[in-house]
Amino acid sequence: MAPLVNQARTWRRAVPVLVAVIVLAPAFGDPGADSFPLSTYPMFSANRPSRADLVTVVGVTSVGAMVRLSPELIAGSDEPILAAATVADSIRRSQSDELCAEVAARVRTEKPGVVEVVVRTEHVDVVAHIADDADPMGSTEHARCPVPP
Amino acid sequence: MTTSGSAIELGPVGIDEPFLRRLGLIRILVASYATVWTAVRAPHLFDMVAFADRRFDPVGILAPLNGPPGRAVVVTVVVATCVCGVAAAAGWRYRVTAPALAVLFLVTTTYRHSWGQIFHTENLTAIHLAILALAPADRYWALHLGPDAATGSMANDTAGTTDDGGWAVRALAVATVAGYVVAGVAKLRNGGWAWIDGEVLVHQVAFDNARKEVLGDVMSPVAGFFIEHRGLARPAVLASMAVELGAPLALLGRRAGMTWSLAAWGFHMAILALMAIVFPYHLLGLAMIPLLPLEEWTARKHVIAL
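Just so you know, the protein sequences line up as chains V and A, in that order.
Following our numbering, the residues of the first sequence are numbered contiguously, the last one being 149.
Following our numbering, the residues of the second sequence are numbered contiguously, the last one being 306.
Worth flagging that the hints you see were computed from the coordinates, not collected in a lab.
Be aware that one or more of the hints could be misleading.
[Unchecked claim] Pulled from the structure, derived: some chain A residues nowhere near chain V, Cβ distances all over 12 Å: (1) 28; (2) 32; (3) 51; (4) 72; (5) 80.
[Stated by the list, open to error] If you want the ones that stay clear, here's a sample from chain V, every Cβ over 10 Å from chain A, calculated: (6) 62; (7) 108; (8) 113; (9) 115; (10) 145.
[Said to hold, decoys possible] Computed footprint of chain V on chain A; a stretch qualifies when at least three of its residues, placed anywhere within it, have a C-beta under 8 Å from a C-beta of chain V: (11) 37-48; (12) 187-198; (13) 209-216.
For glycine and all other residues, C-beta sits at the position ideal for the given N, C-alpha and C.
Using the sequences and the hints given, assemble the complete structure.
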């Protein structure tokens, strides 16, 4: 009985060490190889330039005015980071037209004044924009589609 | 143990009750959190079923999947997570419900992270649940204790064990601090030493808020002030690096654990203030509770109540 008890005690003592090894392991691997629940926790770590390319989807009214769309309309989710990832993935995979059509379908009932949807990348000096409200330096259009009637 | 006679039977080590009491409280808090989180996020999880298949990018245990699971599977897993969460929080049939909760919560959260974005907000919850599933966390405040549950006594059927639960409390605490260390290392690996001078943080805050703006989301009301006063960035970076890379110091003792927990909570409050990003498990203090002497605080409440 005593050896069994001692063996169990030894194993239990090893568990915190095992947990440390498992959770710390991603720190020694590829920094870009993130996963779940074990993670490299790369959030906020990238050395981003002040001038950034921000992907988004916007609406356009009949008089040509631009309307910001919510994450729900862009990606069907209330998560802005997921919306950004969805747009970025669509552009990277050359699937902007498909995303544009999906957003237009959602916009139809939620934003009556919007007649077109545009998938685009906005080129912004983010520091100047947040600090001084500087305008974007330009944009690149990836897809444009009408909102269905 | 509740009686000195039982403690003698256990041999020279005996049972150290505080760990078991703390585990009981951690079980209730973490399992309840997982249950509420799943219930609150259920509509969002169900909405994901309507996402285009091309957006499915499975990670972790779902990585082998070729396509997203159907609505029936998602609904079943989400509902089962909530049911097992309630049961595990109550300590009911814990040896079955706790592992089931750990697996189901892992599947649920992995599904959420399998649509092109890993959020990093539920990692620690999933790991804590996995450790709790193996731990003797049902010896206090559990349904199977019957009338003793309210006063927090050990179950008769667990008498005679040599497991004081200390290993589990230490494992939970280690999981917490190790995660912060990995995040600190990532900043040095990805951002380099430029991260230390504060400029990377300024750009991160500006980028995150500008991205929120173009996506029609709520920005931080204090981000502009922070960026205009860049001198704040360097001390903020040094403080965040101290919290992350210095996290193992929290394991040195009770005072160190409490001090670090407060600092880590402040770190997450700063993230909330500057980038409007919510880490609910951490902001509620649940990430840090393995480091806190919860059982003493509840004991004091008992004394005050008497």
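Evaluation of the provided hints:
1. Residue placement check: residue 28 of chain A keeps its beta carbon more than 12 Å from all beta carbons of chain V (closest about 21 Å).
2. Here residue 32 of chain A stays apart from chain V, with its beta-carbon at least about 19 Å from theirs, past the 12 Å limit.
3. At the 12 Å boundary, the C-beta of residue 51 of chain A falls inside the reach of chain V, the nearest C-beta of that chain being 6 Å off.
4. Non-interface call for residue 72 of chain A relative to chain V: holds, since the shortest CB-CB distance, roughly 20 Å, exceeds 12 Å.
5. The Cβ of residue 80 of chain A lies farther than 12 Å from every Cβ of chain V, with a closest approach of about 19 Å, so its non-interface assignment holds.
6. Every C-beta of chain A lies more than 10 Å from that of residue 62 of chain V, the closest at about 20 Å, which supports listing it as non-interface.
7. With a least CB separation of 15 Å from chain A, residue 108 of chain V remains clear of the 10 Å interface cut-off, as annotated.
8. Chain A leaves residue 113 of chain V outside its interface by the beta-carbon criterion, the shortest separation being 15 Å against a cut-off of 10 Å.
9. With a least CB separation of 18 Å from chain A, residue 115 of chain V remains clear of the 10 Å interface cut-off, as annotated.
10. The claim that residue 145 of chain V is not at the interface with chain A holds, since no C-beta of that chain comes within 10 Å of its own (minimum 15 Å).
11. For the segment 37-48 of chain A, the stated coverage by chain V is satisfied: 3 residues place a CB nearer than 8 Å to a CB of that chain, which reaches the threshold of 3.
12. With 7 residues carrying a beta carbon less than 8 Å from a beta carbon of chain V, the segment 187-198 of chain A meets the three-residue requirement, and the given coverage holds.
13. Counting residues of the segment 209-216 of chain A whose CB falls under 8 Å from any CB of chain V gives 8; the rule of at least 3 is met.
Going down the numbered hints, you'll see the structure goes against just number 3.
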